[in-house]
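Chains as they are written, first to last, in our numbering: chain A, 1 to 432; chain B, 1 to 171; chain C, 1 to 316.
One should not assume that every hint holds.
Some chain C residues near chain B, calculated using beta-carbon distances under 7 angstroms [stated by the list, open to error]:
no.	residue
1	Glu88
2	Phe89
3	Glu164
4	Ser165
5	Thr180
6	Pro181
Calculated from the structure, these hints are not laboratory results. Everything numeric in this text was worked out from a predicted model, so none of it was measured. Glycine residues also receive a C-beta, built at the ideal position from the N, C-alpha and C atoms.
Each chain is listed here by its residues.
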Amino acid sequence: MIINAPAITLLLVSFLILLIIKVPIAFSLGLSTMVTALYLGIPPMVIGQQMVKGLNSFSLIAIPFFIIAGEIMGEGGISERLIKFSNVIIGRLRGGLAMVNVLASMFFGGISGSSVADTSSIGAIMIPMMEKQGYDKDFSVNVTITSSTQGVIIPPSHNVIIYSLAAGGLSVGRLFLGGFLPGVLLGLALMVLSYAVAVKRNYPKGERFSFKDGLKISLESILGLFTAVIVIGGVTTGIFTATESAAIAAVYAFFITFFVYRDIPIKRMGKILRTSLKTLAMVLAVIATSSAFGYMMAYLKIPALVTETLISISSNKYVILIIVNMILLALGMIMDMAPLILITTPILLPVVTSVGMDPVQFGIVMMLNLGIGLITPPVGSTLFVGCSIAGCKIEDVLKSLMPFYAVMFIMLLLLTFVPQLTLFIPNLIMGQ
Amino acid sequence: MKAIKKILNLTSNLLEYIGMIFLVAMTLIVSYQVFSRQILNTSPRWAEEVSLILMIWFGFIGIALGVRKGIHLSIEYFVSLLPPSLQKIIIKLDQVLVCGFGLFCAVYGAKLVKATGGSTLPATQWPASTSYLMVPVCGVMIICYSLAQIFGIEETTEENNELTSKEGVEL
Amino acid sequence: ETPETNAGSDDGSNGETIVLRLADTHNDGYVTVEADREFARLVEEKTEGRVKVEVYPGAVLGDEKATIEQAQFGAIDFVRTSISPLSEFNKELGILMLPYLYRDVDHMFNVLDGEIGDDFLESLEENNLLGLTWFDGGARNFYNTKKEVKSVEDLKGMKIRVQESKLMMDLVTSLGAVPTPMAFGDVYSALQTGVIDGAENNWPSYFSTSHYEVAKYYTVDEHTRAPEVILVSKMTFDKLSAEDQEAIKEAAKEASLFQRVEWAKEEAAAEEAVVAKGAVITRLESNQEFQDAVQSMYAEFGAGYEDLIERIINTK
Ligand code: NA
Ligand code: NA
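Build out the structure end to end from the sequences listed, making use of the hints.
In structure tokens:
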């Protein structure tokens with residue numbers, strides 16, 4: 001292998017400097033690629049070509065559809081319904097509202113793949129509600145933000161689609177199914193922890209519902225949750241592709257929100273599209289330029305170099321997987337999910353597959369890992385949103401957040417070292 | 001100054017509407033594709049290719065709009081540690097760098113469109129350069145929007161103010 | 001570590017090693033990639049180390065179409081590609097993929113290694129490319145989940161997955177089946193759930209995709225042979241010395257002979273493997289009936305190239 005050390009250094013160092021001086025990530029990727037191409041004398045047209053190539057993928061079109069569907073549902077009153085529904089199921093226990101918070105996020109995760117969207121819509125209702133019933137502010141925020149990371153793992157998740165693209169076109173259906181059990185397990189673990197804290201801090205029990213009310217609430221919210229069924233059913237049976245089922249889900253969400261729920265007027269669609277457009281602009285910009293950056297990494301054979309280096313440190317599977325997780329955790333503390341998935345997948349996937357890890361399993365491990373990054377300082381968008389809703393400082397919640405981090409780390413270790421947790425369901429439904 | 005601002009706002013509003021139309025069009029085309037395959041038992045050959053072109057164009061519109069609206073992700077942490085006067089200088093430098101990338105996209109994007117005019121897309125038989133058309137266009141828009149920022153002409157449409165404040169309350 | 005010099009700025013006469021890049025979409029270990037490496041080895045040997053070829057397998061530099069474009073700009077130097085995407089650059093190449101055009105693989109290579117093939121390789125010059133040699137891409141055959149297909153009649157009404165190209169879709173339509181374009185990765189589960197009834201591909205892909213598990217009826221009709229080529233960027237080639245140019249051409253020819261032999265072995269191995277796993281292979285006594293069914297396609301796609309088609313058919 002021929003290694004061009006100056007070019008590799010130029011690419012990576014210029015990228016880091018640009019990141020540090022707050023150049024938008026998308027442009028940092030583009031500019032560092034540009035400088036390296038000029039240095040190497042590669043025709044710069046290739047960068048434009050690769051940016052287009054990054055967007056030129058049919059499965060990518062699922063992302064706008066999922067984001068629109070999530071946005072319509074979030075605006076159109078699904079959050080309230082999911083909270084009520086969760087309340088019917090689990091509210092009566094001690095610390096009921098905390099567990100309702102987790103369960104509602106689990107359901108919300110079946111509609112939206114965004115942890116920030118979950119925290120801002122479920123959290124905006126739950127945090128004040130919990131405080132009113134005597135829960136401490138820090139605990140309310142802790143439960144809200146940690147449980148919202150389920151949305152990234154539980155299908156559908158647009159970050160999973162980004163991973164499938166970055167991994168060279170892995171089956172979205174398998175990845176979706178693979179996230180199901182880990183997402184639910186994470187939710188259950190958080191519920192157990194919430195219960196334990198609730199008992200210790202003596203939080204109140206929640207309300208009970210009459211059978212009739214309970215049934216009505218359940219039916220209404222199940223109608224909304226059916227979007228998830230369309231997506232997962234469509235993708236795993238092969239009746240629809242991921243993209244097609246995402247489009248159907250968007251149309252369905254539109255229909256349910258404006259013709260069944262009718263909480264908001266149809267003219268709000270303009271605002272919904274505008275908000276979706278903003279989210280998409282961020283995500284797609286990063287996808288485009290990281291495609292060019294990825295090209296340059298491949299051209300300089302950086303992924304192969306990293307694999308060789310890591311394997312030379314240790315050939316022990318467990319050591320390698322721990323190192324990979326530590327790299328992801330460290331990066332997750334300072335960077336957002338989408339760019340991290342796009343940049344690190346081509347580098348780290350060959351490493352983990354070389355020690356025998358399944359790419360689908362690695363995808364879900366990566367999702368949880370970067371999900372933890374969303375709730376860790378110094379850069380954690382979900383943590384920020386949660387604190388701003390509750391009106392508290394980040395340092396106020398950090399101390400009591402530790403047990404929640406612990407639960408997530410244990411889940412991360414389990415997912416890393418027990419492949420069956422991820423692979424059992426996809427293998428069962430879609431074959432080996 | 002006012003006139004420039006007006007024109008820039010006009011273009012960004014226009015881009016926003018085009019983007020929204022593209023989003024709706026993609027949804028309809030893909031839904032039609034499912035309908036056609038499941039019910040009519042034929043698969044329209046153009047559907048995938050056209051929705052892909054819409055996706056690419058939409059993506060590049062988003063990149064340019066993101067510059068105007070300042071919504072691209074960046075790592076603010078390190079700069080926030082510096083004194084405010086230094087922060088200001090760095091922000092200007094960032095805007096110049098973004099402008100530089102816009103220039104790069106405009107120049108080499110145009111070359112790319114020219115270079116790929118000779119081949120075709122498989123289903124529609126449109127020129128392959130159709131996919132690349134938005135690279136130079138987006139480049140030019142990035143130049144305009146980042147120059148506006150360098151000279152302090154930020155976007156402040158009423159609609160935008162209303163939007164952000166509303167979001168703040170509702171969340 | 002060898003110092004690297006870039007092809008774009010090197011005239012090849014200053015005694016340094018020239019590093020050139022070859023892009024392939026197949027994964028490492030695949031027959032064509034092995035042949036790419038053999039090509040790289042031969043180039044280095046024949047130029048006495050003056051030229052080194054780095055192979056980039058697994059589509060890391062982009063799909064076939066993207067890498068062809070990069071060779072046009074001079075960003076990369078060699079591309080291994082099927083002629084299918086190449087025909088979007090040079091329409092005439094589409095003729096070589098007409099259904100049931102060749103009697104067998106030997107017929108095809110007699111055409112390609114002769115004057116007709118040479119003309120095609122050179123004709124890419126107007127695209128800023130140069131073809132070096134032909135690889136075997138195998139023959140594509142239909143397979144389905146339902147029954148043994150022995151005649152055109154048996155195919156009628158079946159939903160067959162094809163690539164999104166007009167030629168392939170028209171082929172399936174001409175045979176009375178329903179073409180269904182679909183991403184390659186979705187085919188297995190679509191076959192399994194009955195969303196489609198069948199698909200078509202060559203032996204090694206039928207085996208490696210495990211499609212034989214869900215669609216066990218494989219009919220050897222050999223409807224399409226899409227040969228593959230090794231291209232060189234004209235920008236790169238023009239910068240090399242005449243001696244190195246000649247060495248590269250020779251290396252390509254030798255590597256292609258290696259590829260064809262290995263490909264044949266791969267096909268035989270794949271056939272043996274799928275049969276062992278229960279696939280039902282149907283060999284047609286004659287595919288004349290299939291040929292007749294697609295005659296109208298020759299009129300449409302071959303318009304203006306009647307003489308060429310005649311010459312191909314008459315090649316011994
Ligand atoms: Na989700
Ligand atoms: Na973080």
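Which hint numbers doesn't this structure obey? Nothing - there is no hint that the structure violates, so all of them hold.
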